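Protein sequence lines, in the order shown, are assigned to chains A and B.
Under this note's numbering, think of the first position of the first sequence as 1, with each following residue one higher.
Under this note's numbering, think of the first position of the second sequence as 334, with each following residue one higher.
One or more hints might be untrue.
[Said to hold, decoys possible] List time: in silico SDA-like cross-link candidates among lysine to any residue, alpha-carbon distance up to 25 Å:
1. B:404 to A:113
2. B:400 to A:203
3. B:404 to B:466
4. B:400 to A:317
Derived by calculation from the structure, the hints in this document are not laboratory data.
Keep in mind it's a predicted model, so treat the numbers as computed, not measured.
This is what each chain is made of:
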Amino acid sequence: MTLPMLVVAALFVGVLAYALFGGADFGSGFYDLTAGGAVKGAELRTLVDHSIGPVWEANHVWLIYVLVMWWTAFPETFASTMSTLILPMLLALLGIVLRGASFAFRKYAGTLGQARLFGAIFAVSSVVTPFFLGAVAGAIASGRVPATGRGDLWSSWLNPTSMFGGAIAVGTCAFLAGTFLTADAVRSGADRLAEALRRRTLVVGVVTGAVVFAALVPLTRDAPTLTDGLAGRAAPLVVLSAVAGVATLVLLLRRRPAPARVTALAAVAAVVLGWGVAQYPYLLVDEITIADAAGAPATLRALLVAVVLAAVIVVPALTYLFRLTQSEDWTHH
Amino acid sequence: MTVSALTLQLLTAEDPAGLLPAREQMALSLGWHIVLACFGVAFPAMIFVVHRRGIVRDDPVALELAKRWSKVSAVLFAIGAVSGTVLSFEMGLLWPGLMGPFGDVLGLPFAFEGLSFFVEAIFLGIYLYGWGRMPPRRHLLMLVPMAAAGVVGTFCVISVNAWMNAPAGFTMVDGEVTNVDPWAAMFNDLVFMQFLHMWVAAFMVVGFAVSGVYAVGMLRGRRDPHHRLGFIVPFVFATVAALTQPFIGHLLGGNLGDRQPAKLAAFELAETTESPSPLRLGGVLVDGEVKWAIDIPVLGSLIAQNSFTEPVQGLDTIPEEDHPPVNLTHWAFQTMIGIGTLLAGAVVLFWFMRWRGRDLLERRWFLRFAAVSGPLAVVALEAGWIATEVGRQPWVVYGVLRTTEAAGSNSGLWWLLGATVVVYAGMTTGAVVVLRSMARRWRAGESDLPSPYGPEPREEVAR
């Protein structure tokens, strides 16, 4: 494996982790938004607070990791992507800022009125943000970001691939969050809540699956390079994703949300990984390959040191955090 | 905003459309984030002290302080995390001419900063939610990685800024960046002293700000052990920091005259080279002439050059196009020095009087001063950043890349600036409203602050 490939693989691990864990945090906004009035939705909103509260900041750091790896290892493409996709990037950033701030504010809000305001901002921005990140992915995957300079400000992300990318991102985030929240509700003994969440997760899963299928036709025309990859090299991942997605629905139907979390993660991971594999060897599709976009070799080697340190320091700490939050002691309170 | 008025002076016809809004955007978002970053760096150590005291001495007052501070940090760290993310995006959005060619030179410390941010966020999550769910001593230890991450994180971020002042780790060949050595860039000549300067500044800001909160409480007659401990712990941190800072600052500025003569000339308002140079207090440079300044003879040479005779190089020896905005740099620098000296003097006075058996916490004038010392420390922090950043102009990478070359051509950035002002004003308001309501409920005797959506009807009644 070449040096740029190693670094891009490490970077893509970050994309994957952010899509799965950050995605699940964003997705919880959908259930928060649709939980109903202050009294009716209280139980669900408390569950959301409790489920993502300890982990959202750590999960958010994956985004920072991706950005930093990207601009350090592939600087020119970072500059051109940011210049071209400034609008969806800024809208995603706005959502990230509003989501994080209002989530923290809501938890300690002094009155119900304030909590409702912060809660509404939190929920709406959580639902909307993945759309813009998905649109960014769509822009890159459909070859609309130039290797240097600046592409079109509007058509780069207002196009079929970006729109489907955004919709799929919103759907998969909500799907992930739904399985996690259902499992959390079951574990804390909130049976009625778990049942309501389970039903809504099933609906989200079916709709998201339908959107993914609907995307296949316009994608063939709008993003031929990506489609070729998806039908060729990445085909096993596409199949895996479909199987895991269906398995999740079946597990949810059979009221087994705990293993459904695993299959849901697998389904989404396969989609994201499929995108990466399908557009290989391009960093920016049709524009520049990973090898050509790479920065100085000395820097790539140094980044691998950072990656190894992350594996040694961050991964065990993160595992400890997740184990604590999923333990019995932390559930009941 | 005075910064904008002064940067307007800099505007010339050939500046790219994205330059001025990018500058203002960076100043606003960085100036806002830096205050919260200070809390991320310094607050865990202070929480550790009171939390440890609470456990080891079985002191309920200290333990209650630790609980409250951890809840406050939950709010502050959240908005610190998101405002830090804004900066990550802005690097590419605002400065494509810097990130494109130099991303692989300056990026490595950011990667390590990312790691320390990971560690901080993970252990923050564990610490915040660990109350009552973990063995007390292990729970306390969760603060240690947070404090350590603050040290590493500060070092890494400052490393990039130090590199912009003292570029290293690459060579320019025909306008191309070659021979990249990211380690040499990261461990540049300036990084260690500049890191110390910022790290200690963080303890000054947080120490004075938190102790000031309890000084306000004492002014309002709340003179219980809770307020005394809440004052004294951060004040001790602030004391050590305020007394160390002048030495660090002096060492950091030590060879500035060799490194960045234009910046030193602006700091000292030296239009011409005078031997020995005076220390020039106040004053404004108007049409190449210094007006309304108070000169203290020889002191300028002594402080800036460690010599009785060696002069500060005058601005008239430096090409006009390499001058920073002189007045802003000079005033920002002297504001920082003035406030720093005042705060150092105040802590000396406090401990001296205490040694003589008099407690200044009984004096209302001292409490009033302590109450404003936090905002003063923030002003000094911001002034210091303005001094070093504006003083580096017109360069973004000193001597290598001009700020005009780093900016993009996007005039739409003005919209972004407008939106940012609105969002940051909203975020500031939200934080103030929430933190004040937390303090009010704590004073009313509530200890746990339950989620306002709490399911128990008991809490619905309490609302």
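**Asked** residue 400 of chain B and residue 317 of chain A: Cα distance at most 25 Å?
**Response** 23 Å, holds
**Prompt:** Straight-line Cα separation of residue 404 of chain B and residue 466 of chain B no greater than 25 Å?
**Reply:** 16 Å, holds
**Asked** If you draw a straight line from the CA of residue 400 of chain B to the CA of residue 203 of chain A, is it 25 Å or shorter?
**Response** 41 Å, violated
**Asked** CA of residue 404 of chain B to CA of residue 113 of chain A, is that 25 Å or under?
**Response** The hint holds at about 21 Å.
Violated hints amount to a single one, hint 2; each of the other numbered hints is respected by the structure.
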